[in-house]
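Chemist: Okay, here's what each chain looks like letter by letter:
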Amino acid sequence: MSTETTTAVEKKESLFSKKNRKLLTDPLDDSNPITVQVLGICSALAITVQVQQAVIMSLAVLFVMIGGNVIVSLMRNIIPDRIRIIVQLVVIASLVIIVDEVLKAYSPDISEKLSVFVGLIITNCIIMGRLEAFALGNKPGPSMLDAVGNAMGYAWILLAVALVREVFGSGAISFPGVGQVKFLPEGWFYANGGFYENNNLMILPPMALITVGVIIWIQRARNRSLIEEN
Amino acid sequence: MEYLSIFVKGIFVENMIFAYFLGMCSYLAVSKTVKTAVGLGFAVIFVLGITVPINYLLENFVLKEGALTWLNADYANVDLSFLSFIMFIAVIASMVQLVEMIVEKFAPALYGALGIFLPLIAVNCSILGGALFMQERQYPSIGEATVFGLGSGVGWLLAIVAIAAIREKIRYSNIPDPLKGLGITFILTGLMGMAFMAFMGIEI
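Protein sequence lines correspond, in order, to chains A and B. All letters in the first sequence, in the order written, are residues 4 to 233 by the numbering used here. All letters in the second sequence, in the order written, are residues 321 to 524 by the numbering used here.
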């Protein structure tokens, strides 16, 4: 009887304990999925032309990660080790189909812009990576926190890259419903007789890589424990 | 002629890595030496060359709207395309497993070279990306789909071997500490991507 209550208390405490809070905050910096663990790069680079797309993608990944981590964590004791990859893929694929159908129904134009990248959430290594590394060996509660933390770490890099690329590439940020919000007066643009020209290179794929490279540079300059040997 | 155009496009113009960033994770993780990069590159060509045509058949004879008419004319309105993600990934995962077993049995030397990379490939986004692009672009025949798969694979091999060669050399250069490793690899890939953009718009 007494052991039962203590475990219950422990459980309750553990969800908000220091160790669990670390699960939420660590992925934001020290073990960021993109810049440190090198997971989920493909989508982070491909859909950061506009902030709007980046937000939608982050929400989709957040949903799939929480769902996947919790479901796999609940099933962790009944999944045979040899076929775990396929089981994980089926869980993830089902969640991604839900996301894809919802997107198609409620915002078809965004769904078209994201094209194959919604489907590619299935093979987004950030999700598989966290399932393998965390959910398979932990209880659902901490797994959910791990999913939220990693999705947030992924989201902030995505937003930072998208912000840089959209501001310099299009000279404006487009919001759903509002349209493009420009920062500079129309007269400053070269087409209207001014001096400013948007940097079209920012919209092209190579600059996504360089922007992420620079973010990694800044992060590691501030947090020197992350520096690699060569 | 059509085949050559699709092949060259897959390698240079629509390079999986430089134009679409597909398969970046393994590209960054396995590009420390040229030898392992070549191994993974050939494994990707192999798997893309097998899974794209299989997924093409699946798409055109099972999933697409009206694809099931060969079974019964009543099925003309059946549209199973919402199942395509799960079908494609199941095909890829099982094909990778199958290929691994066949190679292990009949070509142990090749297995020794590719072995550790094959399981990695199931979650390499360039494979699923190949299947999804095939679905989106609607190639007219299975031949074209296969050539597209092989071309994309060769483009991927080219990219990973090139970056691995650069990384081997760059070990001896004096790079700012925080940029070492991952940071400089990103910037190098960006510069290579700019060079590859010169191929944009080429038609053969």
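Treat the hints as calculated values from the structure; they're not laboratory data. Here a beta-carbon is modelled for each residue, glycine too, at the ideal position from N, C-alpha and C. Among the hints, erroneous ones may be present.
Claimed, not checked - Here are the simulated DSBU-like cross-link-like pairs (lysine-lysine), alpha carbons at most 30 Å apart as the crow flies:
| id | chain 1 | residue 1 | chain 2 | residue 2 |
| --- | --- | --- | --- | --- |
| 1 | B | K500 | B | K489 |
| 2 | A | K107 | B | K500 |
| 3 | A | K116 | A | K25 |
| 4 | A | K116 | B | K329 |
| 5 | B | K352 | B | K500 |
| 6 | A | K116 | B | K384 |
| 7 | A | K25 | B | K500 |
| 8 | B | K384 | B | K500 |
| 9 | B | K329 | B | K352 |
| 10 | B | K500 | B | K355 |
| 11 | B | K384 | B | K355 |
| 12 | A | K21 | A | K142 |
Stated by the list, open to error - Taking beta-carbon pairs under 7 Å as the criterion, some of the chain A residues facing chain B (in silico):
| id | residue |
| --- | --- |
| 13 | E115 |
| 14 | M131 |
| 15 | L166 |
| 16 | V167 |
| 17 | F171 |
| 18 | G174 |
| 19 | F178 |
| 20 | G182 |
| 21 | N202 |
| 22 | M205 |
| 23 | I219 |
Chemist: Verify the interface restraint on F171/A: the C-beta must sit less than 7 Å from at least one C-beta of chain B.
Modeler: F171/A check fails; min Cβ-Cβ to chain B is 15 Å, beyond 7 Å.
Chemist: The hint names M131/A as touching chain B; please verify it with the least Cβ-Cβ distance against 7 Å.
Modeler: With Cβ-Cβ at 5 Å, under 7 Å, it holds.
Chemist: Return the status of the interface hint for L166/A: holds when the least beta-carbon distance to chain B is below 7 Å, violated otherwise.
Modeler: It is violated, given that the least Cβ distance between L166/A and chain B is near 18 Å, above 7 Å.
Chemist: When the nearest CB of chain B is found for V167/A, is that gap smaller than 7 Å?
Modeler: Check failed: Cβ of V167/A comes no nearer than 13 Å to chain B, outside 7 Å.
Chemist: Does G182/A hold up as a contact with chain B if the rule is Cβ-Cβ below 7 Å?
Modeler: The hint is violated - G182/A has no Cβ within 7 Å of chain B, the shortest such distance being about 28 Å.
Chemist: Between K116/A and K329/B, is the straight-line Cα distance small enough, at 30 Å or below?
Modeler: holds, 22 Å
Chemist: Sort out whether K384/B lies within 30 Å of K116/A, counting only the CA atoms.
Modeler: Roughly 21 Å separates the two Cα atoms, so the pair holds.
Chemist: Restraint: E115/A near chain B, CB-CB cut 7 Å. Satisfied or not?
Modeler: violated, 10 Å
Chemist: With a cut-off of 30 Å on the C-alpha distance, tell me whether K500/B and K355/B pass.
Modeler: holds, 21 Å
Chemist: Does I219/A hold up as a contact with chain B if the rule is Cβ-Cβ below 7 Å?
Modeler: Status holds, d = 4 Å.
Chemist: Would you check the hint for K25/A and K500/B, treating anything up to 30 Å between C-alpha atoms as holding?
Modeler: holds, 27 Å
Chemist: Verify the proposed pairing of K384/B with K500/B, using a straight-line Cα cut of 30 Å.
Modeler: Violated, at about 47 Å.
Comparing the model with each numbered hint stated earlier shows that hints 2, 3, 8, 11, 13, 15, 16, 17, 18, 19, 20, 21 and 22 do not hold.
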